[in-house]
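Colleague: Residues per chain are reported as follows:
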Amino acid sequence: MTQKTTLLPFWRQSRWQWVALIIIIVTVPVSAVAYLLLQQTERNLESQTFERLESVAALKLGSIEGFLDDGEGELIFLTETEIFRSQLIALAQSEADGQAISDTLRQIADSEDIINEIFVYSLDGNILSSSDRVDIGKVVRSKPFFVPSLQGETYIQPPFYDVGSSTLSLIISRPLFDEQGSLIAIVAVEMNVEALSELMTERAGLGESGETYLISLENNYLLTSSRFEGYETNRAYYSEGINRALQGQDGQGIYPDYRSPGVPVLGVYRWVPELQAALLSEIDEAEVNADLNDSVQQGILLALFLMVVALGVGLYFANSFTRPIIQMSAIAQRISGGDYSQRVQLRQKNEVGLLASSFNQMTEQLAATIQKLDAQVKEVETANQELRKANARVREAARLKSEFMATMSHELRTPLNAILGFTGIMLEGMGGEIDDDATHMIKRIQMNSERLLTLINDVLDIARIEAGRIELQSEPLRVRELLKQWELQTSVLAAQKQIQFSATVEPEVPEVLYGDSARLTQIVNNLLSNAFKFTEQGSVKLHISRLSSRWQIRVIDTGIGIPSHALNYIFDEFRQVDGSTTRAYGGSGLGLAITRNLCLMMGGTIQVESTLKQGSTFTVTLPIIAEPEKLLEPTP
Amino acid sequence: MDKKISREILKNWKVLVVDDEPDSLEVATRMLKFHGATVFNASNGADGLDSARRHKPDFILSDLSMPELDGWGMLYELKNDRATLEIPVFALTAHAMVGDRERAINAGFHNYLTKPLTPATFMAQLLGLLEGVPHLAEALETGKEAHE
Numbered sequence: 001m002t003q004k005t006t007l008l009p010f011w012r013q014s015r016w017q018w019v020a021l022i023i024i025i026v027t028v029p030v031s032a033v034a035y036l037l038l039q040q041t042e043r044n045l046e047s048q049t050f051e052r053l054e055s056v057a058a059l060k061l062g063s064i065e066g067f068l069d070d071g072e073g074e075l076i077f078l079t080e081t082e083i084f085r086s087q088l089i090a091l092a093q094s095e096a097d098g099q100a101i102s103d104t105l106r107q108i109a110d111s112e113d114i115i116n117e118i119f120v121y122s123l124d125g126n127i128l129s130s131s132d133r134v135d136i137g138k139v140v141r142s143k144p145f146f147v148p149s150l151q152g153e154t155y156i157q158p159p160f161y162d163v164g165s166s167t168l169s170l171i172i173s174r175p176l177f178d179e180q181g182s183l184i185a186i187v188a189v190e191m192n193v194e195a196l197s198e199l200m201t202e203r204a205g206l207g208e209s210g211e212t213y214l215i216s217l218e219n220n221y222l223l224t225s226s227r228f229e230g231y232e233t234n235r236a237y238y239s240e241g242i243n244r245a246l247q248g249q250d251g252q253g254i255y256p257d258y259r260s261p262g263v264p265v266l267g268v269y270r271w272v273p274e275l276q277a278a279l280l281s282e283i284d285e286a287e288v289n290a291d292l293n294d295s296v297q298q299g300i301l302l303a304l305f306l307m308v309v310a311l312g313v314g315l316y317f318a319n320s321f322t323r324p325i326i327q328m329s330a331i332a333q334r335i336s337g338g339d340y341s342q343r344v345q346l347r348q349k350n351e352v353g354l355l356a357s358s359f360n361q362m363t364e365q366l367a368a369t370i371q372k373l374d375a376q377v378k379e380v381e382t383a384n385q386e387l388r389k390a391n392a393r394v395r396e397a398a399r400l401k402s403e404f405m406a407t408m409s410h411e412l413r414t415p416l417n418a419i420l421g422f423t424g425i426m427l428e429g430m431g432g433e434i435d436d437d438a439t440h441m442i443k444r445i446q447m448n449s450e451r452l453l454t455l456i457n458d459v460l461d462i463a464r465i466e467a468g469r470i471e472l473q474s475e476p477l478r479v480r481e482l483l484k485q486w487e488l489q490t491s492v493l494a495a496q497k498q499i500q501f502s503a504t505v506e507p508e509v510p511e512v513l514y515g516d517s518a519r520l521t522q523i524v525n526n527l528l529s530n531a532f533k534f535t536e537q538g539s540v541k542l543h544i545s546r547l548s549s550r551w552q553i554r555v556i557d558t559g560i561g562i563p564s565h566a567l568n569y570i571f572d573e574f575r576q577v578d579g580s581t582t583r584a585y586g587g588s589g590l591g592l593a594i595t596r597n598l599c600l601m602m603g604g605t606i607q608v609e610s611t612l613k614q615g616s617t618f619t620v621t622l623p624i625i626a627e628p629e630k631l632l633e634p635t636p
Numbered sequence: 001m002d003k004k005i006s007r008e009i010l011k012n013w014k015v016l017v018v019d020d021e022p023d024s025l026e027v028a029t030r031m032l033k034f035h036g037a038t039v040f041n042a043s044n045g046a047d048g049l050d051s052a053r054r055h056k057p058d059f060i061l062s063d064l065s066m067p068e069l070d071g072w073g074m075l076y077e078l079k080n081d082r083a084t085l086e087i088p089v090f091a092l093t094a095h096a097m098v099g100d101r102e103r104a105i106n107a108g109f110h111n112y113l114t115k116p117l118t119p120a121t122f123m124a125q126l127l128g129l130l131e132g133v134p135h136l137a138e139a140l141e142t143g144k145e146a147h148e
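Going line by line, the protein sequences match chains A and B.
For the first sequence, the positions run 1 to 636 when the numbering used here is used.
For the second sequence, the positions run 1 to 148 when the numbering used here is used.
If you are wondering where the hints come from, they were derived from the structure by calculation, not from laboratory data.
Just so it is clear, CB atoms sit at the ideal spot from N, CA and C, and this is done for glycine as well.
Across the chosen pairs, the derived CB separations fall in these ranges: (1) A/Glu411 to B/Glu131: 32 to 40 angstroms; (2) A/Ser564 to B/Ser6: 48 to 56 angstroms; (3) A/Val394 to B/Arg82: 51 to 59 angstroms; (4) A/Glu411 to B/Asp81: 28 to 36 angstroms; (5) A/Glu411 to B/Ala107: 22 to 30 angstroms.
Bound-form chain A, shown alone (with noise of 0.2 angstroms):
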């Protein structure tokens, strides 16, 4: 009785199932909530980014404003001041030395950071004076801002690639009236673009990858320092943003900054039409995305958090549910290899504590079962033994009973054969004359000696056939001779009754057959005499004939015949007709079962055909047995 739990594997254990499905039901939607608030907060950063370059944006434009009010305001200084006004508008109607005013200018253009240089052209261009000496005389008609600047109002020059400083050059300008109101000179400051840039690159809120820059029309060329690849000012800068910009849109977008297509940024553009440039306001994504990636990293650990309590939650709950069960599979187990002593110890409420009680009601109904079939098993077993022993005994009584038929053959047969024996000789008168009287009671008696021998002889017959105690001999029979003794044998039978015997035997039948001659004897003496006893009249044939390799004997009367339901069992034992021949034929009943056993013993049958009152016919067949069989054979 070996208890072996059957060991599935993991995957197939509920518990591990269990486990699987309660961590998937916990991080599937956890996943999906954090992958949904991860979007969202994607979607925030880059809108909370967009809202900062915006306002970025809007400073710096503040701050491009301030800048050229700035300008303009120095003009309107320079113009409208009466002091300097009168010296300009002396300056303009050549009474006044262009060199003298110049040290004026340039101190008015060094106590401003944005102002490179401040000069005076007259409306034909030539420079009557300028904040650097140097170009005093120089002419500026070819310059771009100088036929706009003639219209009569401020001009802001958008930026220009100056050939002769080989700088982008800012120019403002602003024309100066007479007391007449007739236009008489320009007055115009280049701006200090390098203060420009420095407004632009004051990073306030772009963390380390955010910069504010502006790219002028002219050439696409950086109007302001660029954070990563300086102030270049001969290369022509390229990306969506700019591209939008310059064709005058204002927006954001996230796009392959000018560095490298590699390098997304976030970026709010604007078309500045002062300046006729774009100033974009841009962020690297990968820098905005670092506080996602921490947000990432977050959430993350939070979902491998939740997993390690999912997996001890389902862990907890998947072993309340499948501990009852594998403990009741073990139990089921250990009740297959008949050990009934285990129960399920099981504490829960729930359903599977019901099953865990019922399967425990199950196990006790099935031990109790069990058990009274064991009882019952064991009573059936103690009843077959007393029956085997029963048997034994039954047997043995038959065998002792048998030996003892045997044995009292001897005995029973010896003092009817002296008895047989006497009242013969007293009869043939071998033992002197006695009267007719004597003769009849003497008669008496042998009649009734003889039906006592033959009983006694058909008895043990019968009890010695039953004990399979007969052997058959093979010896050599002579048919005819034998045929000729049992009609000497026969004959006095048929005188005494009056009753016409023949014995005939057909040619076909061999001369010499092998068999028992005694129990053939027996048998046809046992028809043979059934046939005398009872046919009252007309006769009895015995008729001896061969049948292919078979040999017939046939005795025929013409007696009182058997009734056909009877024909079934007159070859049983102590069975004749009814009860009343018995008493008015006599005969143990044992004549025809013995004789039929005699011919099943001799490979033969035994057969009768009968009508009654008109006579039975039993037939014998035998078969031809020409040669001894070899073992039957004596050794010599």
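Since the structure of chain A is provided, determine the placement of chain B on it from the hints.
Modeller: Just chain B now, with coordinates in the frame of chain A:
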């Protein structure tokens, strides 16, 4: 069976009957004597052997199972004695002893008679057997002269 057996058919015959049952012995003796024979009796094989040697019977009827020396043993002794070798011995067998008849013939018995012996059949059967022995058959035919 109208052929009446002559009363004197065994006149001057000497017959030895050996049987341990006195009744059986007497019945056989009476029937043989009735037909004129001189009958010697013995109740076992040893006595039978003595008697046979002494009286030289014409034939012997002997039971098979007997105390001291049984029929088989007596036959063996008779056949080993030149003086008794020629005497036909007929076995007296019981109806029950099936195998005995065959064994008896094989052992050297001349033939057998089945018990019980009744006057109705005994003489007929006995004469039938005697006719199977040539010199006895002749004796039956001619009638036996008394020896000495």
